[in-house]
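Please dock the two separately framed chains into a single complex, following the hints provided.
This is what each chain is made of:
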Amino acid sequence: MKAGIGFWNILKKDIKNYYLKPPNISWGMIFPLSWTLMQLLRAPQGQAIDVKELLPGLMGMSILFGATSMLAVTITFERRGRSFERLLLAPISLSTMVLAKISGAILFGVIIAFVPVLLAACWIDLSGINWGMAFVSVVLMAVTSALLGLVIAVSAKEVFEAQTYSNFFRFPMLFLSGLFFPIERLPLLLQAVSYCLPLTYGVDMLKNAVLHTGAINIWLDLAALVGFSVLLFYICQRNIKRKWIIIR
Amino acid sequence: MNIISVKNLKKVYGDFTAVDGISFDIAQGEAFGFLGPNGAGKTSTINMLTGLSRPTAGTIRIDGIDGIKKIKKAQSIMGIVPDESNLYDEMNGFDNLTFCAALYGMGKAERQKRAAELLEEFNLKEAGDRPFKAYSKGMRRKLTIAAGIIHRPKILFLDEPTTGIDVESARQIRRLLSDLKRQGVTIFLTTHYIEDAQRICDRIAFIVKGRIVKSGTVDELLRNAGQEQVIRLTLSQGIKGIKNQFQQAFPALRIEAQSENDCLITAPERIALAPILQYLDSKGISVFEAKEARPTLEDVFVKVTGIEAGKPHKEKAGEHR
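As you go down the protein sequences, you meet chains H and A in turn.
Oh and the first sequence: position 105 is 105 in our numbering, straight run, nothing missing.
Oh and the second sequence: position 102 is 102 in our numbering, straight run, nothing missing.
Incorrect hints may appear among the rest.
[Said to hold, decoys possible] Derived DEER-like restraints, expressed as beta-carbon distance ranges: (1) H:Ala121 x A:Lys137: 51 to 59 Å; (2) A:Glu126 x H:Val193: 53 to 61 Å; (3) H:Phe160 x A:Glu168: 34 to 42 Å; (4) H:Glu158 x A:Lys303: 39 to 47 Å; (5) A:Thr163 x H:Ser155: 26 to 34 Å; (6) A:Ala293 x H:Arg82: 36 to 44 Å; (7) A:Glu256 x H:Arg80: 44 to 52 Å; (8) A:Gly64 x H:Pro22: 49 to 57 Å; (9) H:Thr213 x A:Lys108: 43 to 51 Å.
[Claimed, not checked] Simulated coverage check for chain A against chain H, where a stretch passes if three residues somewhere in it have a Cβ under 8 Å from a Cβ of chain H: (10) 83-93; (11) 101-110; (12) 272-286.
In short, the hints are calculated from the structure, not lab data.
Here a beta-carbon is modelled for each residue, glycine too, at the ideal position from N, C-alpha and C.
In isolation and in its complexed conformation, chain A is listed as follows (with noise of 0.2 Å):
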């Protein structure tokens, strides 16, 4: 059954088309990760989903709820996690998560109990009573994620969450969002690590410019990724000098020179390796290792959006706040 459904999602600021027409489903307990690059429409889509911005167009239905006109009901089973956190400075740990959780018509006790079940949870125990101003980056990021899902929500919405943290707390974070797809909760996770993706999500859609490029399982992607075969070769020498002859010799491969004494062999189909290394061996090159290189979801990504993982891109969601 699915929890998300959104069809033909549309966000428009003035003269510029942040999210164009996009569609989508995600299952109840399934983990959806949402990637791409900066400016790409992944905040404006979450801040629609949320209720934080109307769409221009578009539907979207939250548990059967119409998540644009009974936003507020909707928001009751979601939790959200803002890519900055949004819990008061001047307020400390305990305080902020009892809050939270009055937002949500919780009872005093109920949640001053869950309060300090998920300050032990994240380990921050002791840091309940400090200031909210005083925590480190990964801590306000922790904290920020308990107040999340301080209600117990059946969707879970967190955006970059593991961006500008320690690796400690990034690692932290991801074994928490495991256990929680593990007890059922729903998540929808926008970030532009892609390592996370792969290692949280079910599901993962590619959105480049408003419109979602490619979307399916990580098995799916990888596998479309993988229909080209990809050869390593680790040589004594480089291939400057004969890069020419080679690629003459072999017309149906793709050769490109990597780093010093690397090369990259590609072809649509499998790579018979013994001809190449007769003639390189002619060529009085040995060949060290010949390694097969497996697509990863970062390769579909660059192959999808045109963009180098984790380079900075020039439009920015945020601006158009």
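Just chain H, with the same shape it has in the complex (with noise of 0.2 Å):
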């Protein structure tokens, strides 16, 4: 019960103080968009492009942007500030703490994948997609990303150096998990690092429940995702017990 309120609290805290505000849901959207109005300009003329094809790609580069940096950048700008020692200094486990932390993450890299679905929705017609499993891996998704951005939350020291480890992270996997091109297309070195990537299995799983058109067999993608969430989760925990309290 006493876990629960301190949990419910810090998301709530979370949310108000920092995925509401208005730039960080305009930066979540922005880049997906802007990326989306490149792909229809640079369109031949003449011929259209199917948006229906653009969007799981889209949905998980928001996903991406949104949950990994979030995090990331809160979090050091916390621990910057000193606030972040309350929540260490508070008697809830580690565990609670981490989970009510990557929970705002997670929620805003949700929404903000279904806002291209929604927009999508205007111009296009979305029957056809399975909707159960295209939340399942949005979920998943952000989950991984969420905790990506933990893990560089714990080695960055300093907001900037947040931002850019993010962006060293991501970048790389916009292009190497199948988000816009397809894996089987990149030199076979690149594909090796392309399954090391959670971004592949969950952009996979995506493209299988909307254009059903997935590489990978579907509870392949499950496993892995999954399995990249506990380990994630587990390294994050094992590097904050060390760095944060044991080091300091």
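Dropping the structure here:
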């Protein structure tokens, strides 16, 4: 019960203080929308672009940019101002605190992911999409992206460092996870790297749900995403204990 | 009954030993002062006691709980006021307090009532809906203390609570701490303001280079320091010209010229004034005033640490965070 009160209030505070701020909402939406616009403009004249084909990539990109950077930046910001100490000094377990912190980023990622869907629904017919599968893949991508943000937050001391590290991970993932470029067209070595990234499996699952064209078995996608989530959660907890409590 | 018991506590950062095997006990309801210059190991000790840092060696027991293995359980009875305010800048005073209360599992109605009470008690009622970033330094400090006691902790840890704030706020904080002490809250206070320690604390430990060099009640420390008798004489003129002769005439005394017309006479036992007055009179120097200089805690501090109070010290604990 007491842990529940702590969890809910950390989540509520993060949503109110960070995620609902207009600059953050716009950042989560502007980048994917600009990318869509770019795709539409670069299409050869007279040739229509299938917006539905762009959708899995846009959703994946929204999650990646929304969940990863927000958590990395907010935690680094709180650590810099020492307010993060409040959480470390409170009688709530580290797991509860980590779950509360990533829950805000996960929710943000999930909501931001469906913004392109809502906009696309104004122009194209979205029937035929497996919404259940799409939702599961979005949630799991948000979980892995938020945890990746936490891994970055643990390593960064300054907000600009968190932003730099975030970009260091995010931009290669944009090109290596099959968001817009098929993995099979990449050189063999990069293909191997692609399969080490959680986003690859999330995007594949999303393509399965939206376009029914996934390249990997759906159960393998699901297992990989759950596996990455557990692994990243473990790494985050270990790093937090090691870097924020023991060494300090 | 001891509420805090520390044995052979040690903290090493690389090749720097911040805390070097210290041991102490604090009784329930006691106000314990931890005094030392910057970099002496005060903050490192408080960080280990509150769970922000893991000790390299040693044991900590907080109210019978293992303060290292079961730190989360121990944290539920602690209130912590760090040396710098650690509340949320973008939240207002009231929300900051209710958020801190929620971290200790307090229900919504209870935390709102308690936050309103504390804002009133700390004279911050009108600032309650202002963002924390708009608070003055003294207000920030007071709200941080309010956040530290919102859950009615049994033990309150305060790291330099009056550093860098205005006189009125500092006085108010001292009054609040005295009230908390009267209510039975155990206080662990680190400070380099000796005056704070003397006013608030029952017992004091001096820490230098990670080691406790002296500890005891304020009276005990003063008594030990007062074993020598010190008399300050205010004269009609300085003694610089006759200092050597004066010293030779009274070899059992230590004679020091102080400010222009003052001199300090120190002896291991009571000082007979008449021969001194006669001697000075024979040299044409009148004695306007003879006053026994009672030792202060600051004298004890200077004596045990070898560092003048308030003077900066090169090392700083925060550098090792």
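Hints, one by one, checked against the model:
{"no.": "1", "hint": "H:Ala121 x A:Lys137: 51 to 59 Å", "result": "53 Å, holds"}
{"no.": "2", "hint": "A:Glu126 x H:Val193: 53 to 61 Å", "result": "59 Å, holds"}
{"no.": "3", "hint": "H:Phe160 x A:Glu168: 34 to 42 Å", "result": "39 Å, holds"}
{"no.": "4", "hint": "H:Glu158 x A:Lys303: 39 to 47 Å", "result": "43 Å, holds"}
{"no.": "5", "hint": "A:Thr163 x H:Ser155: 26 to 34 Å", "result": "31 Å, holds"}
{"no.": "6", "hint": "A:Ala293 x H:Arg82: 36 to 44 Å", "result": "43 Å, holds"}
{"no.": "7", "hint": "A:Glu256 x H:Arg80: 44 to 52 Å", "result": "50 Å, holds"}
{"no.": "8", "hint": "A:Gly64 x H:Pro22: 49 to 57 Å", "result": "50 Å, holds"}
{"no.": "9", "hint": "H:Thr213 x A:Lys108: 43 to 51 Å", "result": "49 Å, holds"}
{"no.": "10", "hint": "83-93", "result": "holds (count 8)"}
{"no.": "11", "hint": "101-110", "result": "holds (count 6)"}
{"no.": "12", "hint": "272-286", "result": "violated (count 0)"}
In terms of the numbered hints stated before, the structure departs from hint 12 and from no other.
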